[in-house]
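Please build the complete structure, drawing on both the sequences and the hints.
Each chain, letter by letter, is given below.
Number of protein chains: 2
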Amino acid sequence: MRVGIGILGFGTVGSALLHKLVDENTSISTKTGLEIEVVKVAVRDINKERSVELAAGVLTDDPMQVVDNPAVQLVVEIMGGEDPAGDLVAAALRAGKPVVTANKALIAARGKELIGIAEKAGVPLLFEAAVAGGIPIIRPLSETLAGEQIDRILGIVNGTTNYILTRMTEEGAEYKAALAEAQELGYAEADPTADVSGADAAAKAAILASLAFGTWVASDRVYTEGIDRLDATDVRIAGELGYVIKLLAVAENTPDGISVRVHPTFVPGDHPLAVIRGATNAVFVEGPSFHELLFAGPGAGGAPTATAVLGDVVDAARELLAGAEVAPPIRFQPGRILDFDAVATTWYLRLEVIDRPGVLAQVAGVFGDNDVSIKSVWQEGEDDGATLLLVTHTNREGRQRDSVEALRSLDVVQDVAAVIRVEGAGPTPNL
Amino acid sequence: MRVGIGILGFGTVGSALLHKLVDENTSISTKTGLEIEVVKVAVRDINKERSVELAAGVLTDDPMQVVDNPAVQLVVEIMGGEDPAGDLVAAALRAGKPVVTANKALIAARGKELIGIAEKAGVPLLFEAAVAGGIPIIRPLSETLAGEQIDRILGIVNGTTNYILTRMTEEGAEYKAALAEAQELGYAEADPTADVSGADAAAKAAILASLAFGTWVASDRVYTEGIDRLDATDVRIAGELGYVIKLLAVAENTPDGISVRVHPTFVPGDHPLAVIRGATNAVFVEGPSFHELLFAGPGAGGAPTATAVLGDVVDAARELLAGAEVAPPIRFQPGRILDFDAVATTWYLRLEVIDRPGVLAQVAGVFGDNDVSIKSVWQEGEDDGATLLLVTHTNREGRQRDSVEALRSLDVVQDVAAVIRVEGAGPTPNL
Numbered sequence: 030m031r032v033g034i035g036i037l038g039f040g041t042v043g044s045a046l047l048h049k050l051v052d053e054n055t056s057i058s059t060k061t062g063l064e065i066e067v068v069k070v071a072v073r074d075i076n077k078e079r080s081v082e083l084a085a086g087v088l089t090d091d092p093m094q095v096v097d098n099p100a101v102q103l104v105v106e107i108m109g110g111e112d113p114a115g116d117l118v119a120a121a122l123r124a125g126k127p128v129v130t131a132n133k134a135l136i137a138a139r140g141k142e143l144i145g146i147a148e149k150a151g152v153p154l155l156f157e158a159a160v161a162g163g164i165p166i167i168r169p170l171s172e173t174l175a176g177e178q179i180d181r182i183l184g185i186v187n188g189t190t191n192y193i194l195t196r197m198t199e200e201g202a203e204y205k206a207a208l209a210e211a212q213e214l215g216y217a218e219a220d221p222t223a224d225v226s227g228a229d230a231a232a233k234a235a236i237l238a239s240l241a242f243g244t245w246v247a248s249d250r251v252y253t254e255g256i257d258r259l260d261a262t263d264v265r266i267a268g269e270l271g272y273v274i275k276l277l278a279v280a281e282n283t284p285d286g287i288s289v290r291v292h293p294t295f296v297p298g299d300h301p302l303a304v305i306r307g308a309t310n311a312v313f314v315e316g317p318s319f320h321e322l323l324f325a326g327p328g329a330g331g332a333p334t335a336t337a338v339l340g341d342v343v344d345a346a347r348e349l350l351a352g353a354e355v356a357p358p359i360r361f362q363p364g365r366i367l368d369f370d371a372v373a374t375t376w377y378l379r380l381e382v383i384d385r386p387g388v389l390a391q392v393a394g395v396f397g398d399n400d401v402s403i404k405s406v407w408q409e410g411e412d413d414g415a416t417l418l419l420v421t422h423t424n425r426e427g428r429q430r431d432s433v434e435a436l437r438s439l440d441v442v443q444d445v446a447a448v449i450r451v452e453g454a455g456p457t458p459n460l
Numbered sequence: 030m031r032v033g034i035g036i037l038g039f040g041t042v043g044s045a046l047l048h049k050l051v052d053e054n055t056s057i058s059t060k061t062g063l064e065i066e067v068v069k070v071a072v073r074d075i076n077k078e079r080s081v082e083l084a085a086g087v088l089t090d091d092p093m094q095v096v097d098n099p100a101v102q103l104v105v106e107i108m109g110g111e112d113p114a115g116d117l118v119a120a121a122l123r124a125g126k127p128v129v130t131a132n133k134a135l136i137a138a139r140g141k142e143l144i145g146i147a148e149k150a151g152v153p154l155l156f157e158a159a160v161a162g163g164i165p166i167i168r169p170l171s172e173t174l175a176g177e178q179i180d181r182i183l184g185i186v187n188g189t190t191n192y193i194l195t196r197m198t199e200e201g202a203e204y205k206a207a208l209a210e211a212q213e214l215g216y217a218e219a220d221p222t223a224d225v226s227g228a229d230a231a232a233k234a235a236i237l238a239s240l241a242f243g244t245w246v247a248s249d250r251v252y253t254e255g256i257d258r259l260d261a262t263d264v265r266i267a268g269e270l271g272y273v274i275k276l277l278a279v280a281e282n283t284p285d286g287i288s289v290r291v292h293p294t295f296v297p298g299d300h301p302l303a304v305i306r307g308a309t310n311a312v313f314v315e316g317p318s319f320h321e322l323l324f325a326g327p328g329a330g331g332a333p334t335a336t337a338v339l340g341d342v343v344d345a346a347r348e349l350l351a352g353a354e355v356a357p358p359i360r361f362q363p364g365r366i367l368d369f370d371a372v373a374t375t376w377y378l379r380l381e382v383i384d385r386p387g388v389l390a391q392v393a394g395v396f397g398d399n400d401v402s403i404k405s406v407w408q409e410g411e412d413d414g415a416t417l418l419l420v421t422h423t424n425r426e427g428r429q430r431d432s433v434e435a436l437r438s439l440d441v442v443q444d445v446a447a448v449i450r451v452e453g454a455g456p457t458p459n460l
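Chains as they are written, first to last, in the numbering used here: chain A, 30 to 460; chain B, 30 to 460.
Bear in mind the hints are in silico, worked out from the structure with no lab data behind them.
No experiment lies behind these values; they were computed from the predicted model shown.
Warning: the hint list may mix true and false statements.
It does not matter which identical chain is meant; a pair holds if it fits inside one copy or across any two.
To be verified - With a cut-off of at most 20 Å between alpha-carbon atoms, the simulated SDA-like pairs for lysine to any residue come out as follows:
1) Lys149 x Leu350
2) Lys141 x Gly151
3) Lys141 x Ala119
4) Lys149 x Phe361
5) Lys205 x Ala228
6) Lys149 x Met30
7) Lys149 x Gly352
8) Lys149 x Thr59
Right, here's the structure in full:
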């Protein structure tokens, strides 16, 4: 069975995808029975040299020639960015063409609208590649677990930051040195902001939460904190306590509401996510029926992302050729999204204090005043009394934040040097 | 949208599934838009007390009343065993009813035939629950990776044996004690043969290989060795060398052909599968595009298996309601399945020998005569010269087996006490 596809974009993912579709087409058709023919590919510069040879007339610099072409039955959007990708995807869907996209920014920003358009048009919009690149996570969430209660998702969904954190953990490197190394090796971009600020992870967290909980979560509802202010000291202390610091995407569905957040996190050393090293991504899903599931693999890169895109292309092509409107995989319901202040979290804090009697009482008093209970407090180092480490019990985020504000105004507190959230029971130091 | 389903079997998985479908039906319909109505359930004893209350007339002791019932649009087979399950599944498919099954023995034995019947009838036959219980692995293999080259699958696909091996590794327990404990805790059955012999894992390995490589592999083509003769000594030695012994399902697709095998294996301590503890299952997939993917979760149990069944039910119901014949997910091609003798493997051997000069030369001579190259050989213990440990380079399995036969006939070799295959480069002891 033959299907004509059009592709928007010819970057890293596009090259890998076209390599598969053109150079390795025989093995695809042997395995799937589909003859996938690349009809049109939209690029910015039609004269640039390409790694895959295409027939004359396939390349165009007008994306509407892809979307409108009657021989294009299915559109793959891998140009990235919200604009003009979003309008092109919408136009393709409205024209009754299934769309496969790897564009996480677009889905996070306009996913609800686009899924609605797809549903109305009766064609699939698939985006397996938009979250955690090569890891098949979207399909398990939206199909295998479609009827299930999902309580929580913990994810390492940004390879750049996980690479940097791995270097900081294993080599004791400072953040800046680890970032520079990641840039040198191509794991981080020259402007690493989107990765290290947590924004990329937040967009993915929003998509995962939306699919898992069936309530659309816009990415601006995700509390986001990056790794750019993380200190090697805290990475070392985490290790001494049996923890590893990871940039986690945390999505929770509680009776009170949904919370989605991205921040550096103390993860217990024996948690499956603690051993996810380098640029690898992983998603850990918890629910009452299936308990715990872990999906791990390459989070980015041309070839792994192209694998996910190709899986969606095969899927969409089969549906298209079946000539049927299959029910939308997820129905979004209204739901309550919690303000981050109302979310229960556990905190690790590092305070630089003046070393004199009564300091601990003053610090403890501040937490007591804000109704925040402390699990443990200890001095870092043996001789140096100027650093206090604290771990709270699980308290409302807002009250803990109020405590920190109050701490900053104490004369004896020179600096609230670090605040890092903790997953798991929270460390208890061997005092 | 309403869909009527019939269920064959009401054991552990059936109870968990019916609990979801009856007691939690509202959340399923909210999330998926499907009204799943349980029309008929076939059981052996209609008078037995059940944990889920069903309407009058739903229970029957005649399975054909499920398959033939015109209100049953979709059949779930969770009775287990090849017979009569196989004929019932075939009858349902021929009647144009999609079938969801959790029956790995049936799929391994008659999967090719049943998939053919399903294809002819134009309805899906889904079996996500048949391999690795609650882990979504079938759908990623047959859909997301449908167009991809898969080189190798390594799997821990039997929870009972992994529980036993974990106890042996972490407590230094002997096999028999660990098995008794597993039986006490319900991880192993009173007759544990199907698990400890590797037969259960072999059936799953055959299914995984068939889907991954697109060539049907019957389970009697899987070389199978269990853990029932594993000695605590070798578990300890593996640990000292930085390895863990796991019962691995190994499926490889090489230019020479396909090989599928199940046997105890030395796995490097830093391999993702090395940290899979207790009854957890995991599947590790390797290919040139996506590199390495890991899927881990509960391998068995009523609720996790019912999760996988429910995911398939939702999927099949959507296709059914779309009224379309979707192309079969996998097209099986003829392929060459290698004899195990021709497969390249690495061996660890433990020999009990007479402690006198010249023994090593004789042993080495035997391997040389069979064209088997040795990577390292060393004496176990400092004072006791009677135990020789060897690790081979990668050689053809058949030649290594010939070497062992020849070793047994040497006067100086009292016993070939252990032969265990190695994944990874193979340990090099610090001599």
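Quick rundown of the hints versus the structure:
1. Lys149 x Leu350: both (19 Å within a copy, 17 Å between copies)
2. Lys141 x Gly151: within (15 Å within a copy, 33 Å between copies)
3. Lys141 x Ala119: within (12 Å within a copy, 41 Å between copies)
4. Lys149 x Phe361: Within one copy only: 14 Å inside a chain, 36 Å across chains, cut-off 20 Å.
5. Lys205 x Ala228: Answer is within: at 19 Å inside a copy they meet the 20 Å cutoff, but 53 Å across does not.
6. Lys149 x Met30: between (26 Å within a copy, 17 Å between copies)
7. Lys149 x Gly352: both (16 Å within a copy, 18 Å between copies)
8. Lys149 x Thr59: between (34 Å within a copy, 19 Å between copies)
The structure shown violates none of the earlier numbered hints.
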